[in-house]
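> Top line first, the protein sequences correspond to chains A and B. Residue numbers for the first sequence follow my numbering, beginning at 1 and rising by one. Residue numbers for the second sequence follow my numbering, beginning at 439 and rising by one.
To be clear, the hints were calculated from the coordinates, so they are not data collected in a lab. These figures come from a predicted structure and were not determined experimentally. There could be a bad hint or two in this list.
Derived contacts from chain B toward chain A, CB cut-off under 8 Å, selection only [claimed, not checked]:
| no. | residue |
| --- | --- |
| 1 | T504 |
| 2 | S554 |
| 3 | A555 |
| 4 | R591 |
| 5 | V876 |
| 6 | G925 |
Beyond 10 Å from chain A on every Cβ pair, some chain B residues (computed) [unchecked claim]:
| no. | residue |
| --- | --- |
| 7 | A501 |
| 8 | L572 |
| 9 | R611 |
| 10 | M614 |
| 11 | A719 |
| 12 | A729 |
Think of the CB as a built atom: it goes at the ideal place given N, C-alpha and C, for glycine as much as any other residue.
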Amino acid sequence: MLAAKRLGALAFAIVLLAAAAWWLRRSGAGTDTATIARDERFAILPPGSPSDFFVPQPVGDPILDKRRPQISHVQIVDLDRDGLPDILVCDVIRSQVTWIRQFPRGTYTEQPVGAAIAAPAHVEATDFDGDGDLDLIVAGLGVLAPSNNRVGSVVVLENTGSERFTNHVIADRIARVADVQPGDLDGDGDIDFAVAGFGYDAGDTSWLENKGGWTFEQHVLLRLSGPINAVVADINRDGHPDILSLVSQEWEEIWAFLNDGRGHFTSQMVWGSSNPDFGSSWMTVLDFDRDGDLDLLYSNGDAFDYAPANSRPWHGVQWLENKGSMQFDFHRLADLPGASSPQAADVDGDGDLDVVVVSAYNNWDDPAAMSLVWLENNGRRQFSMHRIASSPTHLITLAAGDLDGDGTVDLVTGGMHISRPYDRMSRVTVWSNRRPRP
Amino acid sequence: MTKSAIATRVVVATAVVAVAGVAIVYAALQLRKQSALARLPRLPDVAAHSEAVAAHLRERDAAARTDPASVQAVGALCLAYHADLVYDAAERCYALMEELDPAGWQWIYYRALAESARGSDETLTAGMRKVVALAPEFGPAWWRLGEAEFKQRRYDAASEAWRRAASSREPDRTPMPGAPAHLVSVPLSSHAALGLARVALVREDAEGARQILEPLAARAPAFGPAFRLLGESYTRLGRPDDAARVVLHANRQAAYASYADPMVDRLAAESRNSTFLLQQAASTDLIDNAAWKEYLLTRALDFDPMNPAVVYELASHLRSLARNDEALELFHRYARLVPEDYQGLGQIGSCLAELGRFAEAEPYLRGALALVDDAVTHYDLGFVLTRLGRAREGIAEYERALERDPTHVKARTNLAVNLVAMGQVERASRELTRVVAVDPENASARTNLGAVLVQQGQVERAVREFREALRIDPGQVQARTALEALGR
Chain A
1 MLAAKRLGAL AFAIVLLAAA AWWLRRSGAG TDTATIARDE RFAILPPGSP
51 SDFFVPQPVG DPILDKRRPQ ISHVQIVDLD RDGLPDILVC DVIRSQVTWI
101 RQFPRGTYTE QPVGAAIAAP AHVEATDFDG DGDLDLIVAG LGVLAPSNNR
151 VGSVVVLENT GSERFTNHVI ADRIARVADV QPGDLDGDGD IDFAVAGFGY
201 DAGDTSWLEN KGGWTFEQHV LLRLSGPINA VVADINRDGH PDILSLVSQE
251 WEEIWAFLND GRGHFTSQMV WGSSNPDFGS SWMTVLDFDR DGDLDLLYSN
301 GDAFDYAPAN SRPWHGVQWL ENKGSMQFDF HRLADLPGAS SPQAADVDGD
351 GDLDVVVVSA YNNWDDPAAM SLVWLENNGR RQFSMHRIAS SPTHLITLAA
401 GDLDGDGTVD LVTGGMHISR PYDRMSRVTV WSNRRPRP
Chain B
439 MTKSAIATRV VVATAVVAVA GVAIVYAALQ LRKQSALARL PRLPDVAAHS
489 EAVAAHLRER DAAARTDPAS VQAVGALCLA YHADLVYDAA ERCYALMEEL
539 DPAGWQWIYY RALAESARGS DETLTAGMRK VVALAPEFGP AWWRLGEAEF
589 KQRRYDAASE AWRRAASSRE PDRTPMPGAP AHLVSVPLSS HAALGLARVA
639 LVREDAEGAR QILEPLAARA PAFGPAFRLL GESYTRLGRP DDAARVVLHA
689 NRQAAYASYA DPMVDRLAAE SRNSTFLLQQ AASTDLIDNA AWKEYLLTRA
739 LDFDPMNPAV VYELASHLRS LARNDEALEL FHRYARLVPE DYQGLGQIGS
789 CLAELGRFAE AEPYLRGALA LVDDAVTHYD LGFVLTRLGR AREGIAEYER
839 ALERDPTHVK ARTNLAVNLV AMGQVERASR ELTRVVAVDP ENASARTNLG
889 AVLVQQGQVE RAVREFREAL RIDPGQVQAR TALEALGR
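Isolated chain B, as found in the complex (with noise of 0.2 Å):
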């Protein structure tokens, strides 16, 4: 054979092999197409699910179909999935989301906190194992970790992995598009202590416990779970007085409120189920993040108007931040979905009142009781009708509320200021030695009694009353002026 010949041979083969490859691939890649599109999960039934969602799965659905081996168009179904609370195709959205993406740890994140929503803390381990391999600075993981090592009982483990967590940085939280701030209130950092803090509790350590805890209560004064548990470290230090006090802080802090975590964060926003956005507002504390509460509650009432329970909660934020005009709105719309409940019917009555409209409030109230006898539209009433200066009938009104619940520490308070107005001191003061004796750190129910006390010539035991007031809230301006008038 010609060397000529022996070339043209070499280079038809050298094609033949080229082409052979070329075709390999691209069946490779072919087959991979279709397998991925074979292991998406299959559109699950979305009828039982509202129109936002089954129109969001649908959508995300579809995209990733089109292009299965794409990691954006199916990360964004498996968020879907995962975000709209449809826990078995997000799992399975996400196992294929990990070949896909295997450096991709956030699918893995997702996958055990999906995994794990069900009680399964095995894979939560498992998961966050992966992801401290993959990404360690990643803070939220390390956290996560060591709540699960924690449940399983391995301390050692959740010891080294909440230390990991207090020493990383805060996850960047640069707002999501059209979304405000989701603040840090209690930081990464105070979270991962306090679980420092069980360990060493259930280690019988109260004293490894304090020397966290302490130094964290001082650093982060609204989380209540530090002060109870440095109030748990106290009683087992002997020392009950510092208990009581940090316990008695602990109660006026708002309840407990997860981490904030930007990775939930990004669920939020993708979310159309107002189950899942609804969560997320309730544990969204009010002084720092009622914006970021607001925005969560909006997109709720967005994607489910016509649930009531997503209307009254939006009316009643609105409420706390005193938007009373758009509350109210709100709170009539919830009246017209839901005739039959007393609460539209009281919230609007209360509203009103908070508008000063205490005349066109006193129809709904009684509306609202017409439907429900209920202590605390009884409460509601009665504020109203003393505002419309019908006393009595507001007197009335109180001790029916309080008939319904003894406990009522405002319908209490109120009847005894009115008692007080009417001459009834004797009452009033019997009124308001109960209200502190149900409510001990009620700083104006003390300061109200000390200045029955005052009148019943009582001046010692109203001295105590208004120092207890000042102990309590160093703002108790009418506890202060009393003592200085009284020389004290």
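Extracted from the complex, chain A is given alone in its bound form (with noise of 0.2 Å):
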């Protein structure tokens, strides 16, 4: 009897065993990633109610017939320094950068500044000849469409008073350039310029370092082709401006280019995806969680490759947490088909940076796919995605600034209507919030 209880209790045992053998495997399994994917979405909450508190008004000229827009970049600056906030606008179509200049508060009126350059793509203000006005510096593709051809240039636009502008183009026959940003990289008084010489399957981020008298000496950092942004920025904060690029392509990488203050530069790369498709879109360089040192909002939304230019759900935004030593951590912040130029500003006035963003490729067919979409943080930096927009379609460009003066963030969007469809086309776009203040 004793030896049939022993018996059995030793199956029971084993059988005991071998299930919590088999549940203990099975809880274990793939951890480790699953900890990771989970660690790196944990910023993305469920999207929250669309927002109707932004009031669209299209401004500067209306859409020309046949003339399907393309604007590449818009920027919010007071050039005149009137107190009113002014619009700058690379159209590709017309080759040309425009003023969308407001004045009186709330009229917008577009005007051309300077000669014409090909495919201007991004347009950036600064007094570049100290004269206490603000000139523009252009980054010029040549052509739109993909090339190897070196047909990028350098403008900068000199304000000679008045805002009457003279183009001086400091450096052509380059690579087709998506980017050029200001800052002295040499420490010697005067401005360079950091460029993204995008190209095509032949690129590179290079400076031009300013010799005087308009006359500059290109410096290739790195030859990958696809740099879209090259932002200057202290990223190591030693007190030296050094260069973050973004380059696309099948690179899908972000490189820092350490200076050390006269212009020498030591190559790191800060994050890269292996995905070659990721379609690296845009960056803008902040201090995002606002604990004194610059990190890296960061959006992949390019579909502009490979058809159908439309819905990719690899898509969306993420931010990269400066860590410090030139660590950098990666946050997704949200999927969205053709993220590109993503903003951090406080759109809610809650105290806390929201981030703005646009959609360039999208499934257009659908009535309801975003173009414009505001991130809303909770706080702890986690975001919930509120749609503000779904016409226009093709937004590829945003600016984000107090337009109306009324202490809102308002919005500047540009359309790129190089795919169908095309029966929600925009040129430029401004968003007023309308929220009410908390």
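Both chains come to you apart, so use the hints to assemble them.
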């Protein structure tokens, strides 16, 4: 009897042990990758309700017949320093930088700035010649379509007074230029430029050393194709302006060029994706977590590579948290097809930084596909997405600022209509923030 | 108690224990099934997907729910989610597969790919480390591990992984039923060598990179990225001429295409998602894999027949294969789907021109121009008008093309050729000089320029152009003949 009981107990124990082992094995499977993936998507909250407090208003020239808008960049700046923020525009189809002047408040009038520039991609305002007014620095692609031809240029539009501008081509016959940003990179007191030479298969990141008298010498920092942004910022907090380059194409990497203050750079990769089709589209450098160092707000949403130029479910927005010593942690903020031009701003006036993003490539046959969203920060850097608009479509560029002087963040967007459908087009749109302050 | 009573009790007890054991095992299996069922990802809202994708997911989901502990059924569901780009469900599904099939490294591989698509290389690294531990003979996992380590700046680990990839055999790529072979244009070892060269360059070892890249370039002459990195190495080594030479070679190669991973091919065979299929088609080279590309595009069309982009891409592919009749039919279909898009009409016109039906082509091209005033269409119209014997109108169209795109090389070249025919040699010479300034590696433009220069009496300049044309393309018969005629 005793033996039988022991036998039964033993069998039962074996079964229990086997079951326990099975359960343990089950619960342990794949924990490490799951944990990593969960951590990296920790900042994504469920979507919130659509927001209707941004009121759209087309500004500037109307869309001309048979000329589908190709606005590559918009920027908010008070160009004439009259106290009213204006809008600078890069218009590819017109090969022209334009100035949408706000005067009087709420009235916008567009006019060309300087002479034609082939496929302008980025405009930046700075007092280049130190005469007290704002000059414009323009990146010229040369042609919008992908090309290895060295048709890129960097042009300074010198403000010769009263907002009349003269073109100075300071670099040409270089890889198609997607971005140029100013800074005294060699510490000699004048302004040099960081250049994103996108090219196509051949491209580079470089800087232009100001030799005086409108002459510049190009120094190539990295020969990888596809730089979209070249941002001047002191990323390692050593007091010297560094260069950060977002390199797309098949590389999908962000590089830092750390400056010793005399124009000698040490290159270092900051981050990269192994997905060669990640679609890096824009990088904004700012102190996103307000801890005193600079982080990177970064979108991947480029689909101007193969058909269909529409929804790619891996597109989205992320930020790279600067942990010091050039270490950065990746945090995904949102999945959004075609994400481009993310800007951080306190949209709801609650004191923390939200994110506003446009979409250039989406499934536009779906009327609900979003072209403009904001990501609401819950105060712990977790974000829920709110739709602002689904029309107009194909928004590729975005600027944020208080245009109407009411203390809230307004938006400006630009439309890049290089793929169908063409039924909800826009050139430049102001989105006035009518949300009541909390 | 008697012995027989004891024996009876032992038998009874044993039977009870056996029955209990069977019951427990059965209960455990049921529990496991219920647990597996509960852990299957919930079928997402399929309304946002195409009909084909929705039906595919529903079918695979139903099969998996019928047998939720089946490796085959659940594995097929996971692949369907992944191949149809439903990442969240795919990731959860693969996690379940790792339990159902612990020895099945492919689930870890796929899960890592799915998770890394949205930017996470930490997960790719963790996943691929597991895969190479389970299947060290599978070279693509070593290559991907190298990629992931490199992107995280762990260069020693990247080098180690890429060395393993470089010495691995190409994986089996037996064609899937009904599919053509997907040939390897650039083998795994070449991709791995490229990675090793990148590590060398990051470490400022240009000579080390050169030593890797020169043999790589020799054995993979169509692998453009290798030539670009070799150019970078030469530049750093102070050899600008060599750098220029190899970069020019790179410029003539097809754009970068990722390694032809058979695991991804399996996803392509599973996919009903036209975005995924078109992505795979776009990264397929035309020289070795035209059939594979056509297979992908045809599948995309089967599953998404009303998607204009799919129709357009297949039509374009057929055009590149000179199957203009088939392309024409698809472009007509595209134009019906998207009547407001000038490209449909423009392609019909261009196709008809390729077929020698110039008179039919003209109204389509003019229709396209009525929608969008586009340089390419003006060029096509110029070509058609020239072939119709209306050279002056053709020249005007080439000029319009160049007003809209001054870098349009073909328009400027054809303009020059027509100008020569009309006796305007000086202007033709200027136009061709502009062509070679924009496109210095254009051998036929240099040949044409040489011929025009001869007419202008500039023999020495002409000889230089002919020689340059032959350097770029030794097959330029006219340049060689002209040099012989000039006694050079």
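> Look at each hint and say if it fits the structure.
Hint-by-hint comparison with the structure:
1. T504: Violated, because the Cβ-Cβ distance from T504 of chain B to chain A comes to roughly 21 Å (cut-off 8 Å).
2. S554: Because about 6 Å separates S554 of chain B from the closest Cβ in chain A, which is inside the 8 Å limit, the hint holds.
3. A555: Interface hint status for A555 of chain B: holds (4 Å vs cutoff 8 Å).
4. R591: R591 of chain B check passes; min Cβ-Cβ to chain A is 6 Å, inside 8 Å.
5. V876: 6 Å, holds
6. G925: 35 Å, violated
7. A501: 22 Å, holds
8. L572: 13 Å, holds
9. R611: 20 Å, holds
10. M614: Since the minimum Cβ distance to chain A is about 22 Å, M614 of chain B lies beyond 10 Å and the statement holds.
11. A719: It is violated; A719 of chain B is separated from chain A by about 8 Å at its closest Cβ, not greater than 10 Å.
12. A729: 19 Å, holds
Of the numbered hints given earlier, the model fails hints 1, 6, 11; all others are met.
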